[in-house]
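Peer 1: So the chains spell out like this:
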Amino acid sequence: MKRVVPLLVLLALPAYAETPQQILDSLVAQAGPASASRGEQFFRAKSSAGKTADSCAACHTDNPKAPGQHVKTHKAIDPIAPVAQKDRFTDPAKVEKWFKRNCNEVLARACTPQEKADFTAYMISVK
Amino acid sequence: MKDTGITWKNLLTLTVAVGVTAVAIGQAPADDDAIFPMPAGKAYVNECGSCHTAFAPGLLPARSWRKMMSELANHFGEDASLEEPHRLAILKDLETLAADFPHANMRMRRISAAIPGNAAPQRIIETGYFKYMHDEVPKHIWQRKKIGTPGNCIACHPRANEGRYGEREVRIPQ
Chain S
880 MKRVVPLLVL
890 LALPAYAETP
900 QQILDSLVAQ
910 AGPASASRGE
920 QFFRAKSSAG
930 KTADSCAACH
940 TDNPKAPGQH
950 VKTHKAIDPI
960 APVAQKDRFT
970 DPAKVEKWFK
980 RNCNEVLARA
990 CTPQEKADFT
1000 AYMISVK
Chain U
70 MKDTGITWKN
80 LLTLTVAVGV
90 TAVAIGQAPA
100 DDDAIFPMPA
110 GKAYVNECGS
120 CHTAFAPGLL
130 PARSWRKMMS
140 ELANHFGEDA
150 SLEEPHRLAI
160 LKDLETLAAD
170 FPHANMRMRR
180 ISAAIPGNAA
190 PQRIIETGYF
200 KYMHDEVPKH
210 IWQRKKIGTP
220 GNCIACHPRA
230 NEGRYGEREV
240 RIPQ
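Protein chains in written order, with this note's numbering: chain S, 880 to 1006; chain U, 70 to 243.
Keep in mind the hints are simulated off the structure, nothing from the lab.
Do not take every clue at face value.
What the hints assert, rightly or not - Heads up, simulated DSS-like pairs for lysine-lysine below, C-alpha to C-alpha not over 27 Å straight-line:
1) S:Lys951 x U:Lys136
2) S:Lys979 x U:Lys111
3) S:Lys973 x S:Lys925
4) S:Lys930 x S:Lys951
Stated by the list, open to error - Example chain S residues on the side facing chain U (calculated, C-beta under 8 Å, incomplete):
5) Thr931
6) His949
7) Thr952
8) His953
9) Lys954
10) Asn983
11) Glu984
12) Arg988
Even for Gly, the Cβ is constructed at its ideal location relative to N, Cα and C.
In isolation and in its complexed conformation, chain S is listed as follows (with noise of 0.2 Å):
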């Protein structure tokens, strides 16, 4: 029974493929020591390189607990910080899919490894 609790307790989870954590760590692995200071200038920053978006925040506000708007289109965006969103760094494979779409729109490039590991830790430091 012991054993029975913790892998019931695992099943009432939602199905959700990874932790915020998870997802940072490891982009950790491959950056190194993520900063979320770092992540926080990374995210407000303007960049003269954007097509239609200048900063991460434009589109996501300068508050990640706050819903965004895209720039464009104006479509509702939900906050991107896992405290007001728990969605949010959940899918591997959508985080990785959002890193390349966005960081291409606003930075015309690819972002490091860095970036990215920076970035998620400050989100996951947002409370």
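Given the coordinates of chain S, work out where chain U should sit on it, guided by the hints.
Peer 2: Chain U alone, transformed into the frame defined by chain S:
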């Protein structure tokens, strides 16, 4: 002259006729229910609907979707490229339910009929049917922060991602 006037038989006939008509009216989709078929599965809403409304395929003819899905690397100025298997699957979804597909409903046929055969419009808001349906919306409404552009269907049609554009469901944000 035996069966004229108010007889039980005539009353019964009348009652049945009224009843059948009432049921028929009740069952018929109201003209207001602007419902468009949507692709099965979540791929379309997840891929396309994450940046903008998952526009119902029936809002444009298949030739428009084919052109759009062949130019995703420059999708209205953004790179919306998809892996090839995803691109092909979504293109098939769009073609299957486009405004000119064989089982198109009445609205889709009107949308399709208003588009010249040699045109492949890329913006739904530039089609004749869209303009006709929204001609009463003043410019300042589109400019409200939560709407921003006429292409932001879901701002006022909360179930747009399910293909539902009925007027009774319209909620215009302040």
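Peer 1: All hints, please: hold or fail.
Peer 2: Taking the hints in turn, this is what the structure says about them:
| no. | hint | result |
| --- | --- | --- |
| 1 | S:Lys951 x U:Lys136 | holds, 21 Å |
| 2 | S:Lys979 x U:Lys111 | holds, 21 Å |
| 3 | S:Lys973 x S:Lys925 | holds, 24 Å |
| 4 | S:Lys930 x S:Lys951 | holds, 11 Å |
| 5 | Thr931 | holds, 6 Å |
| 6 | His949 | holds, 6 Å |
| 7 | Thr952 | holds, 4 Å |
| 8 | His953 | holds, 3 Å |
| 9 | Lys954 | holds, 5 Å |
| 10 | Asn983 | holds, 6 Å |
| 11 | Glu984 | holds, 6 Å |
| 12 | Arg988 | violated, 12 Å |
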